[in-house]
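Asks: Listed here are the chains, written in short residue letters.
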Amino acid sequence: MEEIRILSPTAILGYGFPMESFTEGMKRKPHVIAVDAGSTDPGPYYLGVGKSFTDRNSVKRDLEIMIPVAIEAGIPVIIGTAGGSGGHPHVALTLDIVKEIAKEKSLSFKLAVIESELDKELIKQNLREGNIEPLFPAKQITESDVDESVRIVAQMGEEPFINALENGANVILAGRSYDPSVFSALAIKEGFDKGLAIHLGKILECAAIAALPGSGSDCMFGYLRKESFVLEPLSTLRKCTTLSVAAHTLYEKTNPYILPGPGGAINLHESKFTQISDNMVEVTGSKFVPTEQYFVKLEGVKKVGYRTISCAAVKDPVMISKIDSITQSVKERVINNFENYGIKDFFLDFKIYGKNGVMAMFDNLEEKVAHELLIIIEAVADTQEHADTICGFARSTMLHFGYEGRISTAGNLAFPFSPSDCKVGEVFEFNVYHLMKVDDPAGMFPVQYITFDKGN
Amino acid sequence: MKHKLKDIASVIRSKNSGPYELTFDIIFKDFETYQKVKQAHSINETNFAPLYKISKESIISLVYFDPAKAVKITIVRPLTSGALGETDVYGAQQHAPLMAMEIEF
Numbered sequence: 001m002e003e004i005r006i007l008s009p010t011a012i013l014g015y016g017f018p019m020e021s022f023t024e025g026m027k028r029k030p031h032v033i034a035v036d037a038g039s040t041d042p043g044p045y046y047l048g049v050g051k052s053f054t055d056r057n058s059v060k061r062d063l064e065i066m067i068p069v070a071i072e073a074g075i076p077v078i079i080g081t082a083g084g085s086g087g088h089p090h091v092a093l094t095l096d097i098v099k100e101i102a103k104e105k106s107l108s109f110k111l112a113v114i115e116s117e118l119d120k121e122l123i124k125q126n127l128r129e130g131n132i133e134p135l136f137p138a139k140q141i142t143e144s145d146v147d148e149s150v151r152i153v154a155q156m157g158e159e160p161f162i163n164a165l166e167n168g169a170n171v172i173l174a175g176r177s178y179d180p181s182v183f184s185a186l187a188i189k190e191g192f193d194k195g196l197a198i199h200l201g202k203i204l205e206c207a208a209i210a211a212l213p214g215s216g217s218d219c220m221f222g223y224l225r226k227e228s229f230v231l232e233p234l235s236t237l238r239k240c241t242t243l244s245v246a247a248h249t250l251y252e253k254t255n256p257y258i259l260p261g262p263g264g265a266i267n268l269h270e271s272k273f274t275q276i277s278d279n280m281v282e283v284t285g286s287k288f289v290p291t292e293q294y295f296v297k298l299e300g301v302k303k304v305g306y307r308t309i310s311c312a313a314v315k316d317p318v319m320i321s322k323i324d325s326i327t328q329s330v331k332e333r334v335i336n337n338f339e340n341y342g343i344k345d346f347f348l349d350f351k352i353y354g355k356n357g358v359m360a361m362f363d364n365l366e367e368k369v370a371h372e373l374l375i376i377i378e379a380v381a382d383t384q385e386h387a388d389t390i391c392g393f394a395r396s397t398m399l400h401f402g403y404e405g406r407i408s409t410a411g412n413l414a415f416p417f418s419p420s421d422c423k424v425g426e427v428f429e430f431n432v433y434h435l436m437k438v439d440d441p442a443g444m445f446p447v448q449y450i451t452f453d454k455g456n
Numbered sequence: 001m002k003h004k005l006k007d008i009a010s011v012i013r014s015k016n017s018g019p020y021e022l023t024f025d026i027i028f029k030d031f032e033t034y035q036k037v038k039q040a041h042s043i044n045e046t047n048f049a050p051l052y053k054i055s056k057e058s059i060i061s062l063v064y065f066d067p068a069k070a071v072k073i074t075i076v077r078p079l080t081s082g083a084l085g086e087t088d089v090y091g092a093q094q095h096a097p098l099m100a101m102e103i104e105f
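Protein chains in written order, with our numbering: chain R, 1 to 456; chain F, 1 to 105.
Don't read these hints as lab results, they were simulated from the structure.
Below, simulated EDC-like cross-link-like pairs (lysine to aspartate or glutamate); rule was C-alpha separation at most 20 angstroms, straight line: (1) F:K6 - R:E366; (2) F:K4 - R:E366; (3) R:K27 - R:E3; (4) R:K103 - R:E64; (5) R:K60 - R:E104; (6) R:K351 - F:D88; (7) R:K287 - F:D66; (8) F:K53 - R:E367; (9) F:K53 - R:E366; (10) F:K53 - R:D363; (11) R:K272 - F:E32; (12) F:K56 - R:D363; (13) R:K355 - F:D88; (14) R:K139 - F:E57; (15) F:K38 - R:E270; (16) F:K29 - F:D66.
Predicted model, so just to flag it, every value in this text is computed and none were measured.
Generate coordinates for the entire structure from the input sequences, incorporating the hints supplied.
Replies: In structure tokens form, the structure reads like this:
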């Protein structure tokens, strides 16, 4: 094989793509259609609660186009990080969609389902054996951290996909995957250079985001050859330029020259980006440098409670000038009020927009204050009922708080909504972000095959 | 001579690089300006850290990336994405201090 052609329909499964671009892609006779379905960007909630951050109908719409066309063309469809986070429930909800499509369209194909959620006992055993290390700046974990996690997934490399392809899978639905793996697996199986294949995968996983103008909901096409790869956007509205592709290499990475993943890193020190036509870019020189031992990345989250919020605004200039001391006094009053009642363990925060709200994660960054403020009162407690109590009490206390110099004595807050408080539900935090040494890169990721015959 | 970053850069952005890191990209308008900034090392740990009132040790990497005529700075996220106290889960609106940054070259 001299060339592997890869169609990436969309940046995230469910983000959609124009049919015209997809048809252009199929005209180029791809050897595989691959798509990344997840990200940790939307935060820890989705992995914890077992739901996807993408919408079911949107995901079904994309798969309903990709799967029948690929079966007709005799090429595989590979889906990574199913359901947004890749845990058991996330894989299950995407599997449910695939089954539905198979039935509705009466399709015949072999499906491989690869799981990535790990058994906690297995992780604890590896922890005892010294096989787990934190990924800076995360801290080392203990067995109790593992117990506290509600769900831990491992990121698979290309190896489990290669096994499934060798076993004749037409559609591969996988749990948490290193983003480029779904794009690079077939090429690596066919003996193409791993550095180029993974670098190509790194760009294709975001589809047309690497084009100009960028889009997360349009297709990108990749041609992998022995010494290089070429990127081509499939919409006439877009172009790949050396800059758009090089700039994309920066995106969401720690260091653009060294991109670590399962089993090693790609090194881009020698990479060259060349404009070969009006809309296509060729890349050469990217190298894969294996690590001595094979590591997979673990991601886990723990539950920290339940959240209730209340949104309220302030216009009074006297109140605005004293806002920090007012929120501090309200907080003290809330703590004092429920101390003996037995609600002690809670987190109460005031996010103050108009006064370093967006960048509050950095201390004392800005002095400027707006002429009106939006305050989000947030309570997180061990039960939803307690969160409601703390948030509601903080809100009513703040509404009628008699701060020094107060002139407006009817009420301190402007509520945009009735009811003013809103239950947000369960709250999770990342607590595992570690590397685990493995002997067999595919060993942690069990595969199940399902054969569909006219939809059944 | 002093230059405002927002006048000489075409892209100034921030984003998570995983839940534990925050990364900033500054892509310059032209290669000539980029080379001048790179040669003078006009963006460095010493003038970046005070913009965010962080310690230099919180900077994981500061890299000049020639193919994109860009400077990339990655720091330890002050709190893990989505942790209690979060205000920007994706980290996509933490770039504003860079827009006002003035550099010399």
